[in-house]
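Here are the chains, one letter per residue:
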Amino acid sequence: MPSSVSELILVAVMLTNLALLGMGRLRSSIRMVGLQGMTLGVLPLCVSSQGLMWPLVVIAVGSFALKGLVFPWWLTRTWRATNAQAEVAPIVGPSASTALGAALIAFSFWIGSRFQLPPNVPVVSRLAMPVAVATLLSGLFVIVTRRQALMQVLGYLVLENGIFVFGLALAHEEPLLVEMGILLDVFVAVFVMGIAVFHIAREFDHIDVERLTELRD
Amino acid sequence: MSVLLALILTPAVAGCIAFAWSSRGGRRAILLLAAASHLALTLWLWFQRPVVASQSWLGVDAMGLLFLTVASVLFFAAAVYSLGYLHDEQQSSHVDIEEGFLFINEPEAVFVGCLLLFLASMTLVTLSQHFGLLWVGVEATTLATAPLIYFHRHHRSLEATWKYLLICSVGIALALLGNFLLAVAASSSRSGHAALIVLCLQQQASHLHGPWLRAAFLFFLVGYGTKMGLAPLHTWLPDAHSESPSPVSALLSGALLNCAFLGILRLHQLCVAAGQGDFSQPLLILFGLASMLVASVFLLRQADFKRMLAYSSVEHMGILALGVGLGGVGVFGALLHAVNHSLTKAALFLVAGNILAAYATKSTSDVRGIRRVLPATGILWLAGFLAITGSPPFGTFLSEFTILKAALDQQHAVVAVLYLVLLGLIFIGMANLVLPMTQGEALNKGQPHERKRGEPLWSIAPAAVLLALTLTLGLWVPDWLGGT
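Going down the list, the protein sequences come from chains F and G.
Every number in the numbering used here is 1 more than the matching position in the first sequence, counting from 1.
Every number in the numbering used here is 16 more than the matching position in the second sequence, counting from 1.
One chain only, chain F, in its complex shape (with noise of 0.2 Å):
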């Protein structure tokens, strides 16, 4: 159906993942993610060609909430409890983490372009190839370059996003239970990781991740 709703969605988790990149506190970030979320949770919707599939609108429903309300606000009442600093500290600062951004795009186009669909593969998008590469690099960008062990969960939340762009725009025949105990696995690592962050947080009074380097050989 329409393509050009499903290209919209995806520009637009591309401009979150710029925008989160060039983000200096840990609540925007936060909700940035949190937006992502609810934008992916839209895309099950247009992707199908044969109109609306009930397994779709099940994947749709629950990314939605999970991704879109739920983690935010776990992550924001677990970032509440631990009064951690406002501030991102990153290792690279907003404005070259932008620009890196920048480039990790047109790195994606490159691959994208690179890689030979096998015939029969219904493809939602030219552009769901680079954005899900993109989406996945701006999370393991977040993750190694920001100190706050939160802003590694958000990184390991776009991570996931851009791995979930991906199977539901090539891969979106995986049946229903699949997906749902993905997405169970990833409610639960997010619920894990809150709780270890919360534990950090009273255990060493900061949750900079730098700064955990006791174990060594």
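Source of the hints: derived by calculation from the structure; they are not laboratory data.
Each hint should be verified, as a subset may be incorrect.
To be verified - Straight-line distance between alpha carbons at most 25 Å, and here's what the computed DMTMM-like set of lysine to aspartate or glutamate pairs gives:
(1) G:K378 - F:D218
(2) G:K179 - G:D77
(3) G:K421 - F:E88
(4) G:K179 - G:D320
(5) G:K378 - F:E215
(6) G:K421 - F:E215
(7) G:K378 - F:E88
(8) G:K179 - F:E8
(9) G:K179 - F:E88
(10) G:K421 - F:D218
What you are looking at is a predicted structure, and each value in this text was computed from that prediction instead of being measured.
Position chain G relative to chain F; hints supplied.
Just chain G now, with coordinates in the frame of chain F:
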């Protein structure tokens, strides 16, 4: 089919009950009961193996059953050990052995509950005949084990837990991408319907799209390789395995690493069936040798005996990858070695728990004279060392020798030489650490906690049984193992 569901649901339900049940005795009883019934069901599968329908998501094949049995046996041993361990650990606060501050333990309900959920998720991994379901299981094991590593609530275990949780979650997320790449590779063969069922994919392996299958294998190797502890993706492993309580370390090293290995192994077999073996085999050999090299470097100068065991796990995961990468009898050698390593390493971690409790230190240079202070533990520690370094007549010798034979069969002379040199180095490195610990007089430093509990049966019997099994496998390999 109902047996398979029972195998997964028994520990899962027992785990949920353990979370909610306030009675300490009840929780421990349910742990033992669930472990015993899981073992009984698993053994029953050996005699009454259900036929795998090619479309079903759950099933038993020889490889899955092998890893399931290892996990089940190890879990039963660790459960018995845990009962005594929890009894010893039940006072309200503890003195940290390295820095002397006070800390508390995790609530026992969380520990027992997560332990049982861990078993359920491992069972799911070994019984999955669907790549997506296998992924769900592997990620579930990460989440169930994270609270177990943080049993002792202090900053070192917390640091280990965080690294484990984050690095493994990212790794496994990459393996999920590998699953989607595999789905794309498979969708060209049929009219867009991509089911990631192992048997279906095997049957139409020749129709899989080559480049996408290779990409999928790369992501499987990096993703599950992280969880399996292949160098250079192993960085979380020594921390997590050394900071967690000993029965948990035993399960992490002995049972969980195998589960991640199973994920790589299943896709590798698919690659071979699809004619892409030339791509996947060199990669496995490379990762295998790299893991052995890294492990040997860190083993030579290791000051902490639990970290020593953890690096030894990295080494043995390398040997598994190498064996599978070599192909031929190497695959059989690797599977046999997986069993041997699991039994031995679990026994060693349980014994290390006894040493840690008696000497109150993890430093190899502060532990002396185990043979005098804890006679049975000393014998097991020495026997475990001989077994893990592949000395005859233990099963590890046989399996490491089989992998060497595979290298020679395939004319990989360089690989064979490197393999032998690294095995030799690791033997010397571990001997330098383990032998002084066993011999000599106990230093004064370890005295205050010494003989706190003697050597109760629960601390000796599980490790002794596991080592006896390794010894048996060295003397006699049953026919049914040859069939896998």
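For a quick check of understanding: which of the numbered hints are violated here, in increasing order? Of the numbered hints given earlier, those the structure breaks are 2, 3, 6, 7, 8, 10, listed in rising order.
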